[in-house]
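Protein chains: 2
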Amino acid sequence: MTAHAEYELYYWPTIQGRGELIRLALEAAGASYVDVARLPESKGGGAKAIMPFLGGKKKGAATPFAPPFLRTGGIVIAQTAAILSYIGPRLGLAPEDEPGRAHVLQHALTAADLIVEAHDAHHPIAGSLYYEDQKSEALRRAKIFVAERVPKFLSYFEGLLETSEGEWLHGDRMTYADLCFFQVLCGLEYAFPRAITSLSSSIPLSLALQERVGAQKRIAAYLASDRRIPFNEHGIFRKYPELDSEVPAG
Amino acid sequence: MTAHAEYELYYWPTIQGRGELIRLALEAAGASYVDVARLPESKGGGAKAIMPFLGGKKKGAATPFAPPFLRTGGIVIAQTAAILSYIGPRLGLAPEDEPGRAHVLQHALTAADLIVEAHDAHHPIAGSLYYEDQKSEALRRAKIFVAERVPKFLSYFEGLLETSEGEWLHGDRMTYADLCFFQVLCGLEYAFPRAITSLSSSIPLSLALQERVGAQKRIAAYLASDRRIPFNEHGIFRKYPELDSEVPAG
Numbered sequence: 001m002t003a004h005a006e007y008e009l010y011y012w013p014t015i016q017g018r019g020e021l022i023r024l025a026l027e028a029a030g031a032s033y034v035d036v037a038r039l040p041e042s043k044g045g046g047a048k049a050i051m052p053f054l055g056g057k058k059k060g061a062a063t064p065f066a067p068p069f070l071r072t073g074g075i076v077i078a079q080t081a082a083i084l085s086y087i088g089p090r091l092g093l094a095p096e097d098e099p100g101r102a103h104v105l106q107h108a109l110t111a112a113d114l115i116v117e118a119h120d121a122h123h124p125i126a127g128s129l130y131y132e133d134q135k136s137e138a139l140r141r142a143k144i145f146v147a148e149r150v151p152k153f154l155s156y157f158e159g160l161l162e163t164s165e166g167e168w169l170h171g172d173r174m175t176y177a178d179l180c181f182f183q184v185l186c187g188l189e190y191a192f193p194r195a196i197t198s199l200s201s202s203i204p205l206s207l208a209l210q211e212r213v214g215a216q217k218r219i220a221a222y223l224a225s226d227r228r229i230p231f232n233e234h235g236i237f238r239k240y241p242e243l244d245s246e247v248p249a250g
Numbered sequence: 001m002t003a004h005a006e007y008e009l010y011y012w013p014t015i016q017g018r019g020e021l022i023r024l025a026l027e028a029a030g031a032s033y034v035d036v037a038r039l040p041e042s043k044g045g046g047a048k049a050i051m052p053f054l055g056g057k058k059k060g061a062a063t064p065f066a067p068p069f070l071r072t073g074g075i076v077i078a079q080t081a082a083i084l085s086y087i088g089p090r091l092g093l094a095p096e097d098e099p100g101r102a103h104v105l106q107h108a109l110t111a112a113d114l115i116v117e118a119h120d121a122h123h124p125i126a127g128s129l130y131y132e133d134q135k136s137e138a139l140r141r142a143k144i145f146v147a148e149r150v151p152k153f154l155s156y157f158e159g160l161l162e163t164s165e166g167e168w169l170h171g172d173r174m175t176y177a178d179l180c181f182f183q184v185l186c187g188l189e190y191a192f193p194r195a196i197t198s199l200s201s202s203i204p205l206s207l208a209l210q211e212r213v214g215a216q217k218r219i220a221a222y223l224a225s226d227r228r229i230p231f232n233e234h235g236i237f238r239k240y241p242e243l244d245s246e247v248p249a250g
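The listed protein sequences correspond, in order, to chains F and E. Just so you know, the first sequence maps onto residues 1 to 250 in the working numbering. Just so you know, the second sequence maps onto residues 1 to 250 in the working numbering.
The hints are simulated quantities; they were obtained by calculation from the structure and are not laboratory data. Hints should not be assumed to be uniformly reliable.
[To be verified] Pairwise CB distance ranges (calculated):
hint, chain 1, residue 1, chain 2, residue 2, range
1, E, 90, F, 116, 42 to 52 Å
2, E, 132, F, 205, 20 to 30 Å
3, E, 218, F, 194, 47 to 57 Å
4, F, 155, E, 220, 22 to 32 Å
5, E, 250, F, 201, 50 to 60 Å
6, F, 248, E, 148, 29 to 39 Å
7, F, 89, E, 73, 13 to 23 Å
8, F, 167, E, 148, 19 to 29 Å
[What the hints assert, rightly or not] Examples of chain E residues toward chain F, derived with CB under 8 Å:
hint, residue
9, 124
10, 211
11, 214
12, 218
Just so you know, even glycine gets a beta-carbon here, dropped at the ideal spot from N, CA and C.
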């Protein structure tokens, strides 16, 4: 049962998706949480656990538009960045000072922008259509995504690490922004291996951060567990080799 | 000169864009601010005022990825939602309690998601290509955007207003989330007038909120001033009649 966990996460049970950014934060902090929709249906799990929240008409409930959403302390919060901004300080994954918190949110939002673009590379027309029904448009969008957007975003993050006062995106402590960037790098490596390999020599600090996050004791245990859903072709990052290519020099 | 304003906003000087969400918050609160790039170049303005920040290599500076960004109290914050989350409480445009602040950020992020989709309706392949070079894809995407996404988002926001404990998205005080939703409604009315007209009878609370925001004394004065840049075909919301249509019933 879910009654004794401090956090209840609601997200699609078969993909990493945006929910993975919340899972990583909860896991990194060793938080007491339940990934509700991954429970058996007999214990209140499954995708159907999500549905009642989306059409909710409870007064003052701030009904979610879509998963992920998180229930904690009697409230429900939706939107990945809003959830992270709320739980980050509680989990020790955000700085104490308000300007620092704003910067960590800023970095998480930039990573989220890249996630949207990675998704739309295979779904440029509509999320409600199959990939196969928008493949010609995807080929066109992905080519520009790989040639222009991936290097622009990754060199930007590399620059943040070059100018950080520590080894993390914000100073000398890991924050939820680092977890978001870690997830983006893992996803891009899965979906666009040729692109990332061709860029790897230019993003040494980013790859070192990715390795450092993956080696954190709790994160390493999580990644090795069956709680980490493998990447697959239903999520944001999809291995469609026809969309992947080396990044042109320059 | 800009030295005496509490807030310096940096955003492209010829479009509303995402910067408008910051402008509206500063205007609604009567804040002391300068819209730096709208100053004459002789006074440090113009788009070139933005550039030095983007390639910045200052230690610990959290260099912006893109405008808008805001300079205040010696720090620079980028990403629209991070800026609003930071200045909202300072401007009296966010609740006092943390759950309330999370919900207001949640609503602003949902409005921001709709803004991304409104932009990509005319630029489904790449921001770096002209509309004319992705028009066939835009026709396809916009048709689904109007038929599925606009009604889904707007009925969602209408539901939030139905269940709010006050007349605003979050309770009985206007927040920056209301300003974001106001801007989305104004933009959709400009870019998709047939779609919005066909939906109008189903979103009375949303249209009443839009009118209420527009009638706020400071907002009304702003909208009537030359500080409000008119909508145009360089921004997020563009009047391309071929992309607009009535929302199919059902």
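Evaluated hints:
A hinted range of 42 to 52 Å for the beta carbons of residue 90 of chain E and residue 116 of chain F is inconsistent with their spacing of about 29 Å. Taking 20 to 30 Å as the suggested C-beta distance range, the pair residue 132 of chain E and residue 205 of chain F does not conform, at roughly 40 Å. Checking the proposed 47 to 57 Å range against residue 218 of chain E and residue 194 of chain F shows it holds: the Cβ atoms sit about 53 Å from each other. Between residue 155 of chain F and residue 220 of chain E, the C-beta spacing of about 44 Å breaks the proposed range 22 to 32 Å.
Under the hint 50 to 60 Å, the C-beta atoms of residue 250 of chain E and residue 201 of chain F, about 54 Å apart, fit the expected range. Between residue 248 of chain F and residue 148 of chain E the beta carbon distance is about 35 Å. The supplied range of 29 to 39 Å therefore holds. A hinted range of 13 to 23 Å holds for the C-beta pair residue 89 of chain F and residue 73 of chain E, which are about 20 Å apart. The given range of 19 to 29 Å is broken by residue 167 of chain F and residue 148 of chain E, whose C-beta atoms sit roughly 44 Å from each other.
Checking residue 124 of chain E against chain F by beta carbon gives a least distance of about 5 Å; that is within 8 Å, so the hint holds. This hint is violated: residue 211 of chain E has a C-beta 23 Å from the nearest C-beta of chain F, more than the 8 Å allowed. At about 24 Å, the closest approach between the beta carbon of residue 214 of chain E and any beta carbon in chain F exceeds 8 Å, and the interface hint on this residue is violated. Interface restraint check: residue 218 of chain E against chain F, minimum CB-CB distance 24 Å, threshold 8 Å, status violated.
Checked against the numbered hints above, the structure breaks hints 1, 2, 4, 8, 10, 11 and 12 and satisfies the rest.
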